[in-house]
Amino acid sequence: MVYSPNSAKDREAMLKTIGVSSVEELFDVIPEEVRFPDLDLPLPLSEMEAAEGLANLAKGNVTNEQMNMFLGAGAYHHYVPAAIPALISRGEFLTAYTPYQPEVSQGTLQSIFEYQTMICALTGMDVSNASHYDGATSVAEAVNMAQTITKKKKKRIVLSPGLNPQYVETVFTYAEGSDLEFVGYDLPVTTGVKELMDLIDDNTALVMVQYPDFYGRLVDYEALGESVHAVKGLLGVAVNPLALAIFRPPSEFGADIVCGEGQPLGIPLSYGGPYLGILATKEKHVRALAGRLVGETVDKNGKRGYVLTLSTREQHIRRERAASNICSNQGVMALSAAIYLSLLGKNGLKHVANLNYQKAHYAQTEITKIDGYKVWGDAPFFNEFVIECPESASIINEKLLTYGIIGGYDLGRVDEDMSDLMMFAVTEMNSVAQIDDLVAVLKEVAK
Amino acid sequence: MVYSPNSAKDREAMLKTIGVSSVEELFDVIPEEVRFPDLDLPLPLSEMEAAEGLANLAKGNVTNEQMNMFLGAGAYHHYVPAAIPALISRGEFLTAYTPYQPEVSQGTLQSIFEYQTMICALTGMDVSNASHYDGATSVAEAVNMAQTITKKKKKRIVLSPGLNPQYVETVFTYAEGSDLEFVGYDLPVTTGVKELMDLIDDNTALVMVQYPDFYGRLVDYEALGESVHAVKGLLGVAVNPLALAIFRPPSEFGADIVCGEGQPLGIPLSYGGPYLGILATKEKHVRALAGRLVGETVDKNGKRGYVLTLSTREQHIRRERAASNICSNQGVMALSAAIYLSLLGKNGLKHVANLNYQKAHYAQTEITKIDGYKVWGDAPFFNEFVIECPESASIINEKLLTYGIIGGYDLGRVDEDMSDLMMFAVTEMNSVAQIDDLVAVLKEVAK
Amino acid sequence: MIEPTIYEISSEGRKGVSYPNVDVPRTKLPKEFLRTELNLPEVAEVDVVRHYTRLSSMNYAIDNGFYPLGSCTMKYNPRINEKTAAMSGFQNSHPLQPDETVQGNLALMHMLQEMLAEIGGFAGVTLQPAAGAHGELTGVLIMNAYHKKNGDSQRVKVLIPDSAHGTNPATSAMSGLKPVEIPSDERGNIDLEALRAECDDTLAGLMLTNPNTLGLFDENVQAVIQTVHDAGGLVYGDGANMNALLGIARPGDLGIDILHYNLHKTFSTPHGGGGPGSGPVGVAEHLVNFLPGPIVEILEEGYDDIPPLYGLVTPKDSIGRMKSFHGHFGVMVRAFTYILIHGAEGLRDVSMNAVLNANYLMALVKDTYKVAYPRTCMHEFVVEGRWKDAPDVHALDIAKRLIDYGFHPPTNYFPLIVHEALMIEPTETENKETLDAFADALIKIAKEAHETPMLLHAAPSTTQFGRLDEVQAAKQLVLCCRLFPEVE
Amino acid sequence: MIEPTIYEISSEGRKGVSYPNVDVPRTKLPKEFLRTELNLPEVAEVDVVRHYTRLSSMNYAIDNGFYPLGSCTMKYNPRINEKTAAMSGFQNSHPLQPDETVQGNLALMHMLQEMLAEIGGFAGVTLQPAAGAHGELTGVLIMNAYHKKNGDSQRVKVLIPDSAHGTNPATSAMSGLKPVEIPSDERGNIDLEALRAECDDTLAGLMLTNPNTLGLFDENVQAVIQTVHDAGGLVYGDGANMNALLGIARPGDLGIDILHYNLHKTFSTPHGGGGPGSGPVGVAEHLVNFLPGPIVEILEEGYDDIPPLYGLVTPKDSIGRMKSFHGHFGVMVRAFTYILIHGAEGLRDVSMNAVLNANYLMALVKDTYKVAYPRTCMHEFVVEGRWKDAPDVHALDIAKRLIDYGFHPPTNYFPLIVHEALMIEPTETENKETLDAFADALIKIAKEAHETPMLLHAAPSTTQFGRLDEVQAAKQLVLCCRLFPEVE
Ligand SMILES: Cc1ncc(COP(=O)(O)O)c(C=O)c1O
Ligand SMILES: Cc1ncc(COP(=O)(O)O)c(C=O)c1O
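Chains as they are written, first to last, in the working numbering: chain A, 1 to 447; chain B, 1 to 447; chain C, 1 to 488; chain D, 1 to 488.
Chain A extracted, bound-state conformation:
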């Protein structure tokens, strides 16, 4: 009864009002054989014991606070300005539900509206939803959206081999019950835009690419966009929103749907979640958009205010004909992103993106000066790049660990053929000293 306030006396009085003699009686409807099982759980702890137990578990991890880390591959270590946790932890934001009652939810509603605006500004799209689960599921929803927009008449989905492999896996899981045909994903990761264009046919609903792609590369998708538009299909682009501060927005390549992982926008690593799915599109496709949407309106006195709108797309109204089954989304994460983008603003976001760019390029330059470490590919990149190593990336990582470094992502985890490729992420959190130390150790372990 830690958080249940009523005392035995209170409960007595309540039972009397109800007209039963015990709380147990309220459960008479439950089949006796299964009623009141003895759960085999640890004995209850007090708050201070729980805090201590959790602290011990947390100490069972090694984090970027103890080790230098160069791991990215879809989740990045960025600085979270102190104002973010201070604001998102305010109870009025944290403990509210989805804003079904707009008169007492204008705080949530306006902040989502502003989030939508900033996502549109970043991506060049016209409308953004209020958030989706994460990068992978936003890509899967983009596939569904493309189906809706093309009226389920086109069945081919071209997936770039440069997509995050976890995104591809998720798309496949979601599509298990569908009759879609997926192509492209199993081509070599060095496949160019031209080869992808060759896969586009009249039956193509969507070409889904990533920008920068999983391997860090910046690719110009303009021709691809033109090709798919020529067959009345759509171009979907999964983005790293931070990169968009300094690189052309996907709208300029003709993107119809922009999705992606919003974690870089002020959201802590937290061992993989909760993160933020970005999902935005052009105005004409708004009715195919999954998830909640906030719109501006007026109250009965003509005062500007906000409401959830176009709910007819959603499960609670449209049931089996809804655009998606999503209900709870990533409210706190969207709020974090909005606060992050407000704090950094136009110039700050550009500056941080540039910091990432510069540090990553410095690191790449220095690493490839070492004998045995080679540049992989020649595409421009943002804050992540692949290096061909003198031996398997997994062995190098093991060695780095003994030096207190958590190395890059071992691409052998994606494909055995790439087991000598390591992908390094370098962000504003990696100091020059850290990079130099990495370089020294890489040299050392290559010997």
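No wet-lab data here; the hints were simulated from the structure. Heads up, the beta-carbon is just placed ideally off N, CA and C, and yes, glycines get one too. Treat the hints with care, as some may be off.
Computed list of lysine-lysine pairs in DSS-like fashion (alpha-carbon distance at most 30 Å, straight line) [as the list claims (entries may be wrong)]:
#1 B:Lys194 to B:Lys443
#2 B:Lys374 to B:Lys443
#3 A:Lys374 to C:Lys28
#4 C:Lys370 to A:Lys16
#5 C:Lys475 to A:Lys151
#6 A:Lys300 to C:Lys388
#7 B:Lys374 to D:Lys31
#8 D:Lys31 to B:Lys369
#9 D:Lys444 to B:Lys16
Across the chosen pairs, the derived CB separations fall in these ranges [to be verified]:
#10 D:Glu451 to B:Gly19: 26 to 34 Å
#11 D:Leu309 to C:Pro307: 37 to 45 Å
#12 D:Thr202 to B:Asp202: 29 to 37 Å
#13 A:Glu391 to C:Lys28: 28 to 36 Å
Simulated coverage check for chain C against chain B, where a stretch passes if three residues somewhere in it have a Cβ under 8 Å from a Cβ of chain B [as the list claims (entries may be wrong)]:
#14 7-18
#15 40-48
Position chains B, C and D with the ligands against the provided structure of chain A, taking the given hints into account.
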């Protein structure tokens, strides 16, 4: 210009309105020889660099998170329930000033009013101020108050040798310009109440004792109170408020002023501050009370509300005739204490106090089972007790440190004659395993 | 006063946080990718803090008062959960770190899997799903995979009671199965006849919410499950309503094959104005191999002082990955903390108090509001927000008027099978005084509905905003800040 | 609605946090000390969180908007300060730990001492004082000790300008010295003649606030200081107004001997509805030995990668200890963070913008409100809140009316030498738009004062509470919750 928002353009426009051509011009009044010095300070850091720098300093400490700690002597390691930091960090509390404008400060005012009530409930006094700086200064203010109440006619102050030596030092510093006569403090720490009574004469304004005293002892001050009242003097008692949950309040000993250190009530150790000075008295002495005071009243519509009251005691009204010079006090700490006392409530506070009592007694029993470690004195105690060690406490502490234990307080730091005495504090934060480990190591190091 | 948008308070050249300068030799940015414009606000930290502080004060949340939003289990969110989730060892670990560097996280996840399995009566649990609906999708995909593996790919029909939450039919549709609605009977149970009629060899399964969205425990639950099983179907349980059943009855013991948990309801993690949630899924023995991967397993047992070695493993017949990484780890930490603090006894107390509170509140208002299905309820109940002799008054008016009385309204117009539904879930964290005050308000409002209905139609009148025009919002879509607006 | 007190929502048997059971053999409590009653509230965590959340919403704070409270430097409090102060290595260290286990804390304090000395132009700094007034007391005690050491115990007179803050005379009285008031001249400077007249061999010193509480930099400051020094006195500086002088002028360079800093004003640490503050004191070379102890010194210099060894030391002629332990360490961490982020250049920008903002605001309102001493101000300025042709209107009415316009009022009725004073300190963290809006409101209020003065007398009318009856509060003292009240 990190936190100064105006841009160069803004400033240009503002200068024009003022009618000067540069910001520098506004400083013409300043003698040129000293104007615009070059300060020799470290180069500015960004937020993330500052955070990292501070994190490194913080890591330069060893705390009770890494080592078991048995140190008290005026500051205690207690559990701070998670709701406290969550609530005191709310900007509306944290970034408000002293509630001079009651219409927009009812939050602060009511919470102080409730704090005052709870302090009265704990101490048995009629009125409490809104907070004082800390334990030591509250004792010093009690001396001043006694002067005011006895109309500066009585000059003798009896200070118990059981007072925290830092409190005594502070009293002396404060009294430097006064004509008071202090007695008692330099008697042996084993001096009993009887001997203190002998020091009381007609000229005695105040007898100041501590409960439990610095050495952890619970002493019955009833006879002492009677003695000093007989000469129309006052009894002051410095308390540990947590102990008052289970032990008789000083009002029952006839205390006229209760002061003390409120840190045990949900305030982190923070290397010694900010803490919370408790200062409470009987209603008849309210006009001699130092510091702010909140009283209940009504607004112009008859609605119950709160205001700062009896300001005529205070410096901003009464200037050199004020009860004290105190202005800023310990608002956040009083709020923390009020939240702590609300969360624990009557039963919780008793329970925690009892936990401290039981664990400390277990520790004392176990330690004194070891050859060479002896009980010191036979007074009942709360959560702190003195042990006579087989060698000097400072040497034992050094050894304990090598075992990862921060031992008790070395009383040799108070008086060389006590250098083989160690004072252990045991709170709810010391698990049985920690205590058993301490006992094992004490045994080991005594060999 | 209206709160301007963050764009409206933007002014050129301001910024809210400082970053270090570039301190490495500079590399040119690739010209062909260079971005020119970027329309983000420019404001100082103080502007941001004030803006969001003021916005927050325009919300009503659990921390402000009673929030009896049916089906949403708006229980108090203990602050200790926030403290543990923010611990640096958790917050700063990367999801792709080598397993040996994240044994703390893996141990926590493994224990949570086991605890949830024990609470629900299941053999295996995945923590990956991001929310309830995502858990549903996981569950239905498992159902589908199971039938396929058995060569039963004709099994495409999913039965869904008419009282079900909208996510149930949406989920079945999304997974390529065919939802079929089953009516409820006059006692609020699943209509057994109707159910039997649909139980043929195209049956994939039933999506069962029990207690259902009427707050009622199905009186024939065993027969229902048996019927589906007999026809070769599986039973999926929507666990959004688990707050009635902790230590009371295990869905697995009732024969339910698959169930999702809503950590953000039953296990007290905050809703955050929409999310994040977390929707772990538990399954019976025969479905364990279909769980999405990875899940956490013990790779090497521990002994003496050596803890076990945990690792991430993908089950043999896994339906695949449902999302990136391992699920909403930060939410798991909160739920784990909550379970640790409660233990078996504490969890049963949660459900007992939740059900007691709901029945007490129902008893207080049942003479004034028609209870849709008048029998002992579980953790919530549904009344009709209408009276014959107050024809102009709707459930919505009652909901809005409750705001004037200082309460958050209940869920309205759901479940769909009750006219003018008001779905009331008090949760166990509210005290008797609050329930009394809420009942009082409801009863006063009923009186107003008959005597001064304008009060209801004009409600809310005590808030900063009156009723908002939803029609205009949907007609004249404005989904982004106008970039050069006139501020009023 | 009024918010009930926490006692009014108390109910027997409730509690807000759980603790472990006693797990050691029990010892009996000493009967003779056993307490019987304990009148504390009994509430659940949810009650506490709601109560304090609602109370907080009844406050106006910097985080809500503009707070131009003269003399209080209500600048924005950066959130990074809160983050660093909460770091576990700081928050969980005990003040009596062996020095070698707290080298991080000691290094921070040492650097802060040095930084403050550099900013103020002093040879030594103590961080011990708890607030400004406590720093004043420290300073005056140092003054006293210095004269005593020199055999000048007849020096008991402390000169205090009539514009000084109340803590100045209160402090002198408290330290046993004799405060003597010195008038200001018509330009707001110290009246040099009057000063000279008091400079005899009983002079202990002068308490100088510069810029003074009128927001004016004394035009004769060097002469003033020289005069006092010539008479053998010391000059104490009240550093509450240092926000005008960072990198602009060092008080030490002007000849000031002792100065306190208000970390909770100039250095951005939050006021917390009253405190905690922190009032470090800097002194010139000849006073370093009198500082209260302990202060932090380097015991062994560092070399190469070895950091120095820091320790706590008490100066030779120390006045003694001003309080327990080492001062408000948690506040120091915040101020240190602030200084680190600014550096020399950033600090000068702070003062430049503070002074610019004040002069700009003064320029906007000076035609409507009589500026008490019309010349270039520093970080704040004082106007009269009265007009001959609006005789019923007082500064207080203007202050309360500002609340209706959404602003916190300025300081009123201080300094005492200005009639109906309104003391306005905008600080550097406010932007031009805010200053414009505030000036607009002041100008509108001036119009209302003449045309519709009831608006001012009735103000505030937009708040939850109207003006409160301070007379009743002082007459019928109620200083604690009534324990069995009737809740309205
Ligand atoms: C009965 C029921 N099922 C499913 C859901 C969907 O859960 P989520 O919002 O976590 O996706 C809800 C949420 O309101 C619900 O009430
Ligand atoms: C000029 C001046 N001196 C001294 C003080 C006292 O400072 P504190 O409140 O920190 O004790 C103040 C505070 O308002 C002040 O404005």
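Handout entry: Hints the structure fails to honour
Key = Checked against the structure, the only hint that fails is number 1, while the rest are satisfied.
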